[in-house]
Every structure is written in structure tokens, then in C-alpha cells.
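Participant: In terms of the numbering used here, the sequence shown opens at residue 1 and continues consecutively.
Since the hints were derived computationally from the structure, they do not count as laboratory data. For every residue, glycine included, the Cβ atom is placed at its ideal position computed from N, Cα and C. A few of these clues could be false.
[As the list claims (entries may be wrong)] Pair ranges (Cβ atoms, derived):
#1 A75 <-> D171: 40 to 50 angstroms
#2 A277 <-> K246: 46 to 56 angstroms
#3 A277 <-> R343: 15 to 25 angstroms
#4 R343 <-> R211: 39 to 49 angstroms
#5 P335 <-> S198: 46 to 56 angstroms
#6 S198 <-> A75: 41 to 51 angstroms
[What the hints assert, rightly or not] Straight-line C-alpha distance at most 25 angstroms; calculated DSS-like pairs for lysine-lysine:
#7 K262 <-> K219
#8 K403 <-> K386
#9 K220 <-> K262
#10 K206 <-> K220
#11 K205 <-> K219
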Amino acid sequence: MVSATVGRAGVLGAVALSLLAVPARAATGTPETPATAARQAATAPTAARQAAVTAAARLAAATPAAAPRGPAAAALPAPNTAGLAAVLRSVVAQGAPGALARIDDHGRTHRVTRGVADRVTGRAISTGDRFRIGSVTKTFTTVVLLQLVDEHRLALDAPVNRYLPGLLPDDRITVRHLLSHRSGLYDYSDDMFAASVSGFEAVRKKVFTYRQLVALSLKKPRTNAPGAAYAYSNTNFVVAGLLVEKLTGQPVRTAYRNRIVKPLKLTDTFYVHPDTAIPGRHTRGYLTPDRAGAPLVDATAQTVSWAQSAGAVISSVRDLDVFYGALLRGRLLSPARLADMERFTKVNSTTAYGLGLRRRDLSCGVSVYGHTGAVQGYYTYAFGTKDGGRTLTAMANTSNNAKVLNTLAGALESAFCGK
């Protein structure tokens, strides 16, 4: 299924798509404005009011949207929806039950789907479905912490132990080290999922505390000295979640909702931990077994407690396009904090990492900014141009399948390079 629906800032999401060539229709609504954000702040509970007022102020400061900060949109090749459809066909052929993608190109929306959301009922996957976004959560967590920096409640280069005394064994580990994966803290999840299916089943319904997860990391030697090298670790963003809760006095769920979800009117974005269900219409997620030929494992119901602020958010392609578009336009952070986020360390020939943000350098010379996500049952790519004018979110409802993960990256080439 390939369709393109033209809308402007008020596009609120897609209706369900079938496997037949039925054009998609988009509902329209009222875009977020400083006035509506302020009204929300006025009626919010006292505990949430300050965060909502701050969010309204950020929207006011960024309305109209900030001037483009990257190459002019006209310099980009047009999205290639036929190429995108070919990528999703390959993803399904390689073992994903379904795959979907949504491009927002300055208000013009393109939606592509292949396969099914549910292997039992055969329901077609839809761009209106919700799903688990895995490590894309890390950008949400980073935005909250950088807002706290903007509010002078946190210093990026301060030791983590200043805010969480005694938590870490080295006072040299700073908040910036966490958000850039340069703390040297061992990734506890490497041990959990050495055997993918049995590891998952052992934690599927388990509920951890943040400190239990940190303790698992600290049983192992650190991977490097603080600041010495990039080494991806979920431990960093578990500690980041602890910081959010310590500094705000609220659960991360509340911080996400008041600081990101409500101001941007994200209607499909939730943090339900430790509940195991995805609310509303969603695609089911399937874990590829360790043994070739064994059946896929339905991994939809899970606490994701092993990840929490590192990977437990639920969202949709529409909401992630809106989120990254707003972030890259400067609607969520001050220019100084966004510049901090975009100070990148090279990871390999095509990827660099900033603060909770990846940069991918594509074959056509375009760089895009966002994050990837992998959680049991789901792979996600969510990226946008530097000016936020064009965004792509693509998802396949499987995991533990390297072919699918690598092939899905081709969606970036189709969306931003016209391939």
C-alpha cells in the first residue's frame, strides 16, 4: 500500500489502510499554539502547572517556527514512495509480519504499509497503529533533562553524584557523559538477552527499580574512563530517568506528558510501565526466535521494565514525526540546548551520536537526525532533516532479525535521497 495525503500543520493522523490500493484519508484539526498551551497550563493540576507553563512559553518563543537551520528544503530530492514500498516489501520478505512508514514533507504526508499487524487475525498493518518505540525513548528523556538545564535545575557538566549522591562509583561521570554514551557504564542488558527468547521470557513480566538495573551494571567493570570513548549503554538512560524523577519530584511518565506529549498534542504517545498492554489500536510485535525455523514469539505484552526511561515509550508514526519535527525546529529546547544535543561524536562512517540524538549521513550527502529503536517485537527508525521540515518514521513489527533491521534503514534513503 502506497498513498500520499496532502495536508498542512493540522494533519492529526492516518485512518486505517487495507492491503488493497485504497487512498488514505487524514483527519484535520487545530495545530498547537501558544494560546492553547497556556490554557492547558491554566487548568492543569498544581503539580503539573509549572511544567505546562514552561512548555507554553517554549511554544510561544518558537512560533512562528524558527528559520531553517540546515540546507533549504528545495535542495532535497523528492521522497521516493515507490522505493520506500520496495524497502518495506523486502522487510516483510525477510521475516517481519508487517512494516509501515510515514513521511511528513512540510505538511505533505506520504504513508506506506506492507503486511499484517496481527498474524492470528490477519489484520493489515496501518500507519494509525501504535507500537513500542524502544530506544527512540532516549530522545524523549534527553529533552526533559535539557529542559531542566534550561530551567537552571541541572548542569550538563556536573557530576551525576551531585544530584544522586553515592549512586555511581566515579564522581567524574557527568550528566553529559550519560546522554552521549561516554560514561563507561556497562550495559546490563547485554547479559539479559544473550539468549534472546529465554532472556525475554525471564523479564517479560518482571518489574525492576531503576537502582536494581544500575546495580546490575555495576557488577561488571566499566568499559572505559568517563568521557574517553562512545560505548552505547542502556544504563546511561536508566540513570537519566532517575535524574528526571529526582529533579522534578514526579514519575518520568508525568514529565513526558507535561513537557512533551501535551504541548505537542501527541495523541498516541504513552508511558504505561509497569503495565504490559499497549492502549488502543496497535500492531502486535513478534520476536524472531534464536533457532532457525522456530515460530515467531508474540512479544506484544511486556512490562519493558528492563528499559524504562531507556526504551519503554509507546507511540505512532504520526506522533514521532511531529515530535522530531518540533524538536529540530527548536520548539522544545532553547537554541543553546539544541546545540548541545547536536554536538556529535563519530560512531562509524555513517553515524554519529550527540545527546540522545543520532546523526545518519546518507549516500546523497544529506544528514538526518533522530534515533533508532529496538525492543522485543519492534524495530523503529525516526529521523528528520536538520530544519525539521521533512521527517520519516518507519517500523517493522519484529526484532532479533539483523536483515530486517539493516534493510529498514533503506527507508531513510527513499525518504531523504529519493532512492
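Participant: Against each hint, give a clear statement of whether it holds in the structure.
Facilitator: Verification of the hints:
At roughly 46 angstroms, the beta carbons of A75 and D171 sit within the given window of 40 to 50 angstroms. Taken as a hint, the range 46 to 56 angstroms is violated for the pair A277 and K246, whose Cβ atoms sit roughly 28 angstroms apart. Distance hint check: the CB atoms of A277 and R343 are about 38 angstroms apart, inconsistent with the given range 15 to 25 angstroms. The given range of 39 to 49 angstroms is broken by R343 and R211, whose C-beta atoms sit roughly 30 angstroms from each other.
Remark: the range hint 46 to 56 angstroms for P335 to S198 is upheld by a beta-carbon distance near 47 angstroms. Hint check: S198 to A75, Cβ distance near 49 angstroms, so the stated range 41 to 51 angstroms holds. Between K262 and K219 the alpha-carbon distance is near 39 angstroms, which puts this suggested pair outside the 25 angstroms criterion. Annotation: proposed proximity of K403 to K386 is violated, straight-line Cα distance about 28 angstroms (limit 25 angstroms).
For a cut-off of 25 angstroms, the pair hint linking K220 to K262 is broken: about 39 angstroms separates their Cα positions. At most 25 angstroms may separate the alpha-carbon atoms for a hinted pair to count; K206 and K220 meet this at roughly 22 angstroms. For the proposed pair K205 and K219, the alpha carbon gap of about 23 angstroms is at most 25 angstroms, so the pair holds.
In the structure shown, a violation is registered for the earlier hints numbered 2, 3, 4, 7, 8, 9, in ascending order.
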